[in-house]
Each structure stands twice: as structure tokens, then as C-alpha cells.
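Novice: Listed below are the residues making up each chain.
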Amino acid sequence: MPDAKTSRREFLTRMGQGGAVAATGGLIWSYLLRQQAHASPTGIRPPGALDEADFNATCIKCGQCVRACPYDTLKLARVGEAVPIGTPYYRPRDVPCYMCVDIPCQVACPTGALAPSLTDINAARMGLAVIDIENCLSWQGLRCEICHRECPVQGRAITVEHHPRKLSRHALFVPIVHSDHCTGCGICEKACPTDEAAIRVLPPKLVQGKLGAHYRLGWTIDTPVTQEFTPDTGSAAESGLRPPSGALDYLNEGGL
Amino acid sequence: MSAPADPVRLGPNGRPIRPFVMPATLPGRLRVWRTIILRRITQIGVLLLFFATVHWGWSLAERPILVGNLSSSTLLGLVPMADPFAVAQILLTQHALEMQVLIGAGIVLLLYGLLGGRVWCAWVCPVNMVTDLAGWLRIRLGIRDMFHLNRKIRYVVLVLALLLSALTGVAAFEWVSPISMLHRELIFGLGLGWTALLGVFLFDLLVLKHGWCGHVCPLGAFYALVGKVAPLRVRFDAPTCTHCGECAKVCPEPQVLNLRQAAEAGMIASGECSNCGRCLPVCPEDTLHFDLRYRIHAARQPLESSSHQRRSA
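Here the protein sequences come in this chain order: A and B. Reminder that position 139 of the first sequence reads as 139 in this note's numbering, one-by-one numbering, no gaps. Reminder that position 258 of the second sequence reads as 514 in this note's numbering, one-by-one numbering, no gaps.
Don't read these hints as lab results, they were simulated from the structure. Treat the hints loosely; a few may be bogus.
Claimed, not checked - When the alpha-carbon atoms are kept at most 25 Å apart in a straight line, the in silico SDA-like pairs for lysine to any residue are as follows: (1) B:408 <-> A:9; (2) B:408 <-> A:29; (3) B:465 <-> B:391.
Work out the full structure, taking the sequences as your base and the hints as a guide.
Specialist: Next up, the structure:
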């Protein structure tokens, strides 16, 4: 049956060709997706937004949060903007988030990309304010502190400390941001009087470091730290709170 | 040879084949254009409701009329709606969704399940206006297809979209869809998304007739599957048909006009039919009409039983 044989060969070849085209197309397509999804976004998301990867997956790009915002703060990203196309974000220097207590944008979200678990706007972490102390007026010695006065979480998210100077000059009154209270609303960035804002809001992941569990801040630990402690191999060592025993033995045994 | 042996050709039903003639009068023409006029009204109307609700604050009984876009919206502050294909992609990225959007997707699925899945394509989707323009222009300019493309390729794109959603963790088609881009930008401000649409237009105009909507678009493929069970169909009255082919000339999915299958089913049964209604007014024999699947079935029941009797007799 030569006919059947050639037609089977042709069938398999065609299947292979079709599969190759589909696979190539799929690869290019997935490359585009990954590139867009994993571009490091500098845009600030609405309150309650999930982690970036989860938000990108869950947001259906309908713009109902944009419509719900009474201050026209939110925008849907266009091609080439700070966040992937079609997703909501805002630029605090243009219009900040005024932290409505009823969080209308989050209520409008149909998918849960703006998590409904956020009920207190003060618990929102849209971003984190950072200060450029080289250009901050207060840090130069002027009495500005506008960010501190405008801050809706005043006295907690931004505090003012005074640093004494020489006799003939008044003290520096410098604003300090505290990440455990800053919501990232950006009202400070909007209010900052310098030509380019000296305080600005960025996604916390872009600006926050991480201490590492092995650093022991002795003055914050309740139990006294003494020379007599014996490093145990139990749970404390596993949790990384104590140094590995080898290092200590080396010194104690006169290895130096 | 060229002598007109039979100047009047006859169809398989023994009646003379007549061509479609565009009426000379305006009312006659408007009758022929009725479905396309109605389609433009619904397409632009839906767009207008979205746009006016956001920008001009249109509301009914103090409720915003239609908030959102075609991906997901809220009607009168009450009824959620969502693109079921987009929701399917998001669910495949293994992310849980709120009830609101799931119910919305169910409502839209039910709506197009009743109206005929691809009613979306012909009566709502804004890209259809662009591809229709390209189709009209390519006829005027006499442009031929660059190559042949199997119309089943859209189902491959559909499967790829679902597969890539699961693999990359983002809704694969939603992130590149020229439909969503166009609609989003028309409502929320123009960006560069229109360039994707320009690509679709040029593809349809210069490369392949009905290239995007009829070959590639996975959303159309999705709704074609939904349309397989839809009650609203185009009825086909086989005895009056002379096989003149006027319907196939205007149909954007001519493979659905398989007249043998249509005669057997009494309707255009394929889900790929978008119920656009272009074929109805151009049929010189008045063979094609909108009707409901169950009514067509009911009307054919006595016909079939009588043929059974004839066979058994």
C-alpha cells in the first residue's frame, strides 16, 4: 500500500510543520509576556494591590478603579509606561492618593487584584517615601518640613528630629520616614517645594534592604548576652540566631 | 461555443438562478444595509455607553450606566460583567478571583450562549469595524490574498493562549490583545495601542482577507465554541435556494455556508457563523432568516417523520 504510506508520511510531516510553527509562535509570544511581566516596575499601585507578580496575573485591566477614584489619581498604563500595559498606577508628583477611608478603588475592583482584605487605608503599603538628603531643604538647614506637615499619617510616617549645630546657627530639623507607618500615598512628594521632589515615593521593594537573621542586635535582646554561653546544636542554631559552633571552637582552642 | 445555449441557468431546485441586484432607491438600499447599520449602532452604542459613563458621568436613576471596559464592567452599579475568556486565562495562572468577576463571566457567557457566541464579534467587538473597513477597501482596490491560511488556526491560538497563561503566570492573550488595547484606549485615553490595531488593519487589507477575525483571533474561536449551542441562528429554507452563491460572496466566514449541511440542518449550524446578517438581505430568493434553533427543529420534525414514512412505505 504505497499510497497509504506516503499519505501517512505526509500527514506526519504536516503535523510536524504545524507543531513547529505553533511552538515557535508560542516561544515568541511567551518571550513578549515574560519581558513585559518581569520588567522592574517603578509605578505606584493603588491601595491593596497584591504583590507585583500576583497583581499582574489577577488584574483584568478594566479600569473600574480608575473610574472610582474621586481625585483622578489613577491611570491605566499605556505602552512603554512604568508598569505593564493596561494596569492601574499613579504618579504622586502629578496627583497623589488622598487615602479615602472607604477605599473606593479597592471596592470597585472585580477580581481582587486590589485585595478586599485591606479595610483600613492606613494599613495600605502603596510605596515608601525616601528622602534625598542632599537636596532636602530641611537637611540643608532651612525650616521647611512641609512633607511632615502634609503627611496624613503625621508624626508616625514622618517625624522631625533636631540635630544641634554650631552656636551661631539653629539646629537642623530633619524629616525622617518610618516604613512601618508610611502608606506611600505620595502627598509628601506632591507637596515638596524643590524643583524636583526631594522626597519621593517608590515601591518598597526597590528601596528597602533586608537585615539578615544572623545579625544579633545585643541591645534589643531581652536575655543578657554573656561570654559563658555555650552554642547549642538545637533549634536556636538551626534558626540562625547563633553562629555555627565551629567558628567559636576555633578561637577557644587557640587556633590563632 | 459561446452561443447562449440556455440563457437562463437553473438551480438544483429547478428555478432560474437570479443575481442579487442592489436597489436603485435609497429606501431599498437602506433595507439591504439594515443589518450593517444595526451592527454599527450596537457597536458604537456600547462604546459610547462606556465612554460617556466615565467621561460625561452618564447615569440612570443616579446609577452609573456602564463602568469599566469590555474586559470587565458593572452595569448600573449592580450587574457585573466580565470577558469569560479573560477570566479563564487568569484562572489558569492559578490565581483565585473574587465572586464579582466570576459571576460577571457567567452572565456574559450566558448572554452570548443565548444570542450566538460570535454575536460578540459582529455586533459588539470594536475591532470588527476596523476589519470590516479593511475588507471593504480590499474589494475596492482588488487586492488578492498573499497566502492561504487554515481557518482552524484560531483554535491553535486559543489553546496556545490558555497554555501560555498557565506557563507564564499572566493572562497570555489579554496582555497582547489588540481588542482590549483598542477598547481600553478609546475609553481611558489614547496611547500607542492603536499601532497593534493598525497591524490588524494592514494584515486584513494587504495580506489576508478576513485575516484577523476569520483566521487568527482566539477570542472569536472561543465564542465560536460557545455558539455551537446558541439558540439564535440563521434559518435556511432549502427548497427556495438556487445555489446562486450571493450569500457566500458577502459572508466573512463562507465555510459556514455549506449548503448541503445547511439543507440537512435547516440552518447555518456552525458556531463560526457570527450572526452578522450580511447574507439575509442579499439573498434574491429570501432563503435566509434569523430564527431560533428549537423552532427550526420543531418545524422540521413533521418533515422528517413524513420522509421516514415514505421510506418505510
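Novice: A separate judgement is required for each hint: does it hold in the structure or not?
Specialist: Hints, verified against the model:
For a cut-off of 25 Å, the pair hint linking residue 408 of chain B to residue 9 of chain A stands: about 22 Å separates their Cα positions. Simply put, residue 408 of chain B and residue 29 of chain A have alpha-carbon atoms about 19 Å apart, close enough for the 25 Å limit, and the pair holds. For the hint pairing residue 465 of chain B with residue 391 of chain B, the CA-to-CA distance comes to about 7 Å; that is within 25 Å, so the pair holds.
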